[in-house]
Amino acid sequence: MIRKTIIEAICLLLLALCIALLHHSLSSSGITIFKKRPAARSSIPFLMDRGGTVHGG
Amino acid sequence: MAVSPPRASAPIAHRVTMVFRLVVGGMFLVSGLAKIADPVRFLLTLREFQLLPGALESFLAVYLPWLEFILGLCLVLGILHRTASLLIAGLNGAFIVAIGSVMVRGIEVDCGCFGLLADVLHLPDMADGKAIIRNLILMGMCLQIFRSDVTVWTLEGYFGARRSAPP
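Read top to bottom, the protein sequences are chains A and B.
Quick note on the working numbering: the first sequence kicks off at 1 and runs consecutively.
Quick note on the working numbering: the second sequence kicks off at 58 and runs consecutively.
Rather than coming from a laboratory, the hints here were simulated on the basis of the structure.
Quantities reported herein were computed from a predicted structural model and do not represent experimental measurements.
Don't be surprised by glycine CBs; every beta carbon is placed ideally from N, CA and C.
Be aware that one or more of the hints could be misleading.
[Unchecked claim] To spell it out: a stretch of chain B is covered by chain A in this simulated footprint if at least three of its residues, at any positions, have a beta carbon under 8 Å from a beta carbon of chain A; those stretches are: (1) 113-123; (2) 139-151.
[Said to hold, decoys possible] A few chain A positions that, by computed beta-carbon distances, are all more than 12 Å from chain B: (3) S29; (4) G30; (5) I31.
Sequences and hints are given; from them, build the entire structure.
Next comes the structure, spelled out in structure tokens:
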């Protein structure tokens, strides 16, 4: 029972990881799932510093 | 041999568990979607907590919203809902630790729980005692969902019944 729960938990975590990475790579290349609100930014630059400046992007 | 009388409270407990499932699942589904719609806002909120290194903050800003969305969906639909409830309880525990740490350090930040929805619906979104109590209540609901083995109104129960039914 515990083993089954652990395996299910790992599967759910990995599923979320795959979808998150897919969404991130799509939105990084300009393909957005959600219609953009004016204030909403759909992609995270990974090299953004704490001040919001993007380095090397 | 003594036969124990049928428990009249069982259906009520089933309904309560189902309501808990829909409430917690719905909240995580909606808050996950709100964060997916604006991940940069969520990233900036995570940075205000000053808890994690920058790369991990960026990773969590991409990962956590989708995790919340998928776990919420599992609870609402009733797919692997016991495991999903356990993971959500763990997430709530982590949120409580994070909010507690900013309270102890005297930092006033938004908890980022509802993302964009906090602005649109004017929801309370500060990292304070109320957020901790809200997370504790959600955690209790999740543990109740995990404890009960109810498959009423779940896809798991539906497909399980179809599989065990004679052809």
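Starting from the hint list further up, note which numbers the structure goes against and sort them upward.
none
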